[in-house]
Amino acid sequence: MSTPRELNRKRAKRPKIRRVKCDETRPECLRCQRFGRGYCDGYENTRVDPPERKAILPKVFSTISEPSPKRDPVIQVFKNQDEFSCFRLYCEEVAPQLSYSNRSVWHQLLLQAGQHQPFIRDAIITIGALNRSMKKIDLRTSPIPTGRKPSMVPDGQEDPNAARIHAFALEHYGEFLQGAKSNITIMTKEQGRRIAMIACLLVVCIENMQYRFQNALSHAQKGLHLLDELRDATPTSRSEDGLSSPVPEHVEDELVQQFNRMEIVVMGMYDARVPSAHRKLKQEGYLSIKDMPDRFTSVEQARLYLDLIMRRTFHFMSSALADDQASYIRWDDFPPDVESEADSPRPPLDVSTWFRNTPDEISVEQEIYVAENRRWQRAYEHIFRAAQQNLDRVESIRAILLKIHSLAITVRSAGHLSKTELVYDNYMPEFREIISLSRTLLNHPQSDKFFADGRFCFDMGLIYPLMTPAMSCRDRKVRREAISLLGVRQWREAQWSSEPSVDVAEFLMDVEEEGVDTDYIPEWARARLSGVDADLELRTIKLHCIRGVGADAEHREQLRYYGTKG
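Here the sequence shown is numbered in our numbering, starting from 1 and rising by one per residue.
Hints in this document: simulated from the structure, not taken from any laboratory.
Here are the computed distance ranges between Cβ atoms for each label pair:
(1) 426 - 389: 25 to 31 Å
(2) 420 - 301: 33 to 39 Å
(3) 77 - 484: 46 to 52 Å
(4) 422 - 182: 53 to 59 Å
(5) 92 - 542: 37 to 43 Å
(6) 420 - 248: 45 to 51 Å
(7) 480 - 112: 44 to 50 Å
(8) 386 - 192: 40 to 46 Å
(9) 248 - 554: 53 to 59 Å
(10) 422 - 510: 19 to 25 Å
Here are the simulated SDA-like cross-link-like pairs (lysine to any residue), alpha carbons at most 25 Å apart as the crow flies:
(11) 79 - 92
(12) 189 - 247
(13) 181 - 228
(14) 222 - 191
(15) 181 - 115
(16) 542 - 213
Since the model is a prediction, treat every value here as computed from it, not as a measurement. Using N, Cα and C, we set each Cβ at its ideal position, and we do this for glycine too.
Given these sequences and hints, build the entire structure.
Structural data, given as structure tokens:
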């Protein structure tokens, strides 16, 4: 027990607290701030949460994502929880799936641009919201009475959240368009061109996600015109290589390469550019192809060269048919502001007349582009074989997809200028390999990262190559395998959707097999697709084809609802 003397000693060691009257200011009185801590007991630094902000949408919408933006200063740029949730959804879920190859444009470049340009951030929020609102959309619909829009929700059940989120997306889309219009005009020429190209990619992406394919193609055409202007304004060796940006200090290589991939999509669907443009662009990157490595060092290097080869080949095919039918598969009611030299009438019934006067030099030139693809395949063979031996790696999916693209362009270029559909019989090995490799990808344990149900990708992927055997292979078993793979799940790539693609292929197959009892499809029964008229409101497609050749050729057409068999 301590004695009074010992207690006095202990008290003497404690510093005395100066008695300064507290003014009760929280969390620390003004006197303490003036004289230093310890002059009064003060108050606890009680945390007071800021008042909860009101969301612009009903509370149920805020279930998009769990994290709260209250504490992180980085996300204070967002007005509410919904903006943050959709932005985060884009970063974590949408951006990784928008490209099958180099994803830096969607993962990094756009996000960095959004830090400096709020209207670009609005577009990113729009894409995230559209992705969320479309998660329950089903392309497989049932026949409906004329004039009534089919349900886009499985089993006809409306999703109340989807409607609200879609309205939220459109609101931010409008803010993005307005911001782009008002800001780009006051930028410097170099900065304005770059931001205009970024805005173009975002518009094309958003329009495609909403199934507004005509608008998407129209804006893509205008974007390609921007790229042509950039190259013409900077006549350097880089502007002619077809692989990189002519001015990387102003416009990144990755941005130009994304435009190059978008050009492939445009030419694979509908290219309204004038024939003179194709004749010029088919020479793009000539020296790059001439100096192409004999052995590629990476998948990315091989992809850049294959993109260039495919663009050159498409431009050649369009220029070769410019005097006859440069594009006979098209969307009706295409926006009138798209540049075109002709009204694109229906093709003549006897399609063989398109090529009767084809000069020999066209055939010689065709072989040049075919040879470029063969060179690419040889330089890529070791990478392709390594991918087949290491299928557990995600990178193998991208590597095999490039091989499929090369096989598809081989067949497409051969049949494009042919006077007869019989030419496709020579490409059975390519058809079978496309199907075999496609099955490998769709059955891959990580295929959902690329071809998941409801997924949308900005680039060409697997649908266009699979349509090659589905439309042009006349081996009944092989053709049905291709159609079956297209229908195994519902995914979208640019303007292509797997379900409507099944309808197109089945339409041609039904027309060709009508009245034919043998496994072999004779020439008189073979058909070419000659028109696709899409009604995006009713979600119908009116398909046209020409069956047979010569005087016996006949026009066939059929109306189908997306994803139905009737």
